[in-house]
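Enquirer: Sequence:
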Amino acid sequence: MLNLKKFFPLFLFPWLLVGCATSAITNLTPSRLPRKDNGQYPFAVEWNSRQQSLLKDSIQTYVVIGLNQYPMQRTPMLTNRWETLVPVPADKDVVTYRYKFDYEYRGFPARERDSKLSKYYQLFILDK
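The sequence shown begins at 0 in numbering that gives the first Met the number 0 and counts up by one.
Worth flagging that the hints you see were computed from the coordinates, not collected in a lab.
Keep in mind the model is a prediction, meaning the values are calculated, not measured.
Please note that a few of the clues may not be correct.
Stated by the list, open to error - PhoX-like cross-link-like pairs, simulated, lysine-lysine; straight-line CA separation at most 20 Å: (1) 118 - 99; (2) 91 - 127; (3) 55 - 115; (4) 127 - 55.
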């Protein structure tokens with residue numbers, strides 16, 4: 000007969016590893032915005048990570064539209080939100096985009112680089 004108490008920690012260990020490195024990307028950009036005369040549209044994102052080795056001051060965030068990457072700035076007073084204005088041509092009604100996070104973490108024996116991509120989102124630009 001198999002002693003389950005002996006093997007229970009082996010089943011629990013993978014779940015603990017997954018819980019330590021989970022993260023959530025929250026798109027704060029509305030899905031619909033009115034067309035702007037200047038063609039600049041605000042994008043905002045929040046990223047929460049439970050990765051203990053993450054070096055938060057190394058995070059560089061971008062809005063990715065096609066092959067273009069637009070750098071984002073950290074929101075004042077908040078450590079996990081970024082925002083920027085992105086130019087969108089006047090003839091565009093829909094913009095498909097995603098967020099990219101480049102960061103470093105404490106590796107062994109030195110810092111390591113990594114990147115995280117969000118899922119795709121769409122911004123619909125409505126005529127006034």
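Enquirer: Would you mind marking each hint as holding or not holding in the structure?
Expert: Checked hints:
no. : hint     : in the structure
1   : 118 - 99 : holds (10 Å)
2   : 91 - 127 : holds (14 Å)
3   : 55 - 115 : holds (14 Å)
4   : 127 - 55 : violated (40 Å)
Taken one by one, the earlier hints fail for this structure only at number 4.
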